[in-house]
Amino acid sequence: MLTPLVLGALALVLASPLPRVLSRSERLRHTPVAAMLLWQSTALAAVLAALGAGLSLVTHRLWEGEVGVLDVLLAALAGGVTVVVLGRLLLSGHRTGTTLRRLRRRHREQVDLLARVDHDILQQGILVLDHEVPVAYCVPGMSGSRIVVSRSTLTRLAPAELAAVVAHERSHLRARHDLVLEAFTVLHRAFPRWVSSGAAHHEVQVLVEVLADRAAVRRGDRRALAAALLALAGSRAPGGALAAVGTGLAERVAVLVDTRSHRVQSALVSLSALALLALPSALVVLPWLAGLR
Amino acid sequence: MGELEQAVMNTLWGLDDEQWATVREVHESLSDRRLAYTTVMTVMDRLARKEYVEQQREGRAYRYRPRVSRADLTAELMRETLSDMAAEERGSALVSFVADADEADIAALRRALGELA
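As given, the protein sequences belong to chains A and B, one line each in that order.
Just so we're aligned, residue 1 is where the first sequence starts under this note's numbering, counting upward by one.
Just so we're aligned, residue 294 is where the second sequence starts under this note's numbering, counting upward by one.
Be aware that one or more of the hints could be misleading.
Unchecked claim - Residues from chain A shown here face chain B by an in silico Cβ test under 8 Å; the list is partial:
1. L114
2. D118
3. D120
4. H168
5. A227
6. L230
7. A250
Just so you know, these hints were derived from the structure itself, not from any lab.
C-beta: ideal position from N, C-alpha, C; glycine also.
Make a model of the complete structure from these sequences and hints.
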């Protein structure tokens, strides 16, 4: 009876209190690679623990000893909940995936009709849209990702600043940050309320930007990146109800100016991420599966 | 292929208002590219299917004109881009360099630039 209880409790902790605590930790962002690992393992461990709790309750009730009516009812209930969790995840994954791919295909199509390919900028084939609102973004995709800027961006940024922006976007595309964001979007859409998936999604969005900023200043300089951020962020009117969530920009800047190394924290956070997946598997799941034979 | 579609659209966008063009006319205006007539026809047919151009039968040939002006299509694209960037809680199709900023963000950036100088 212990296995379903332990896994159930673990799933609850991983689904709500832990993401809340992690998203409040400012220090975590200073080791973005390890932090990203921790977020991913938390999410994966939460899903696995939830599915494991349901399945182990089913096997516990039906595999062992005399099977009564209550056992069958409990097993059916646990099995039902497990199927619902899995079903919601798969449905959300399918919906999110098809929506994003459709939007991106349409966007790529229009950009290709409108944008001028600029081979002069860093010899990298950046697409330039003729518009006075400054933007810089990438359209991710398996085949044919695009980096797009507007004409106004080109006039506002110095060459070093533009190079930093392009390096930032290239890093998003190279590291396939869109896939991480998509996975957390899927989670958030599948369990929007009783799981802290919103906090997780927001934090992963910030981390992806921090990672791309890191990549951009690895060779270039921090000042150019900060100046580019100010030039592009300061030029658009602030949106409506953003204050509640925070935009994540101030957090990015805090990491950007931090030049200290955080080797110990990085190692500890990475170890925790691995432990989160390895320990429940080794201590709870393996004995349960072994006991089924 | 995208580049060829853009060239065809640019030709059509270069027409006067209410004016239509046939495949032959577009083919001629792109003559320096030495394209096959059927290539231009295929591209224009595809643009019509994607609803970027209007197609109208005239006698034995079709004639074409853009469905929206270049400026309107650009404006529409930018509107989508900016609303996508502001979409914090739902999934985003694009990955933006920087989305919206509030006063605190701008202040933090100015301080950072001071420190980095």
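Going down the list of hints, with the structure as the test:
no. : hint : in the structure
1   : L114 : holds, 5 Å
2   : D118 : violated, 13 Å
3   : D120 : violated, 17 Å
4   : H168 : holds, 6 Å
5   : A227 : holds, 6 Å
6   : L230 : holds, 4 Å
7   : A250 : holds, 4 Å
The structure does not agree with the numbered hints 2, 3 stated previously, though it agrees with the rest.
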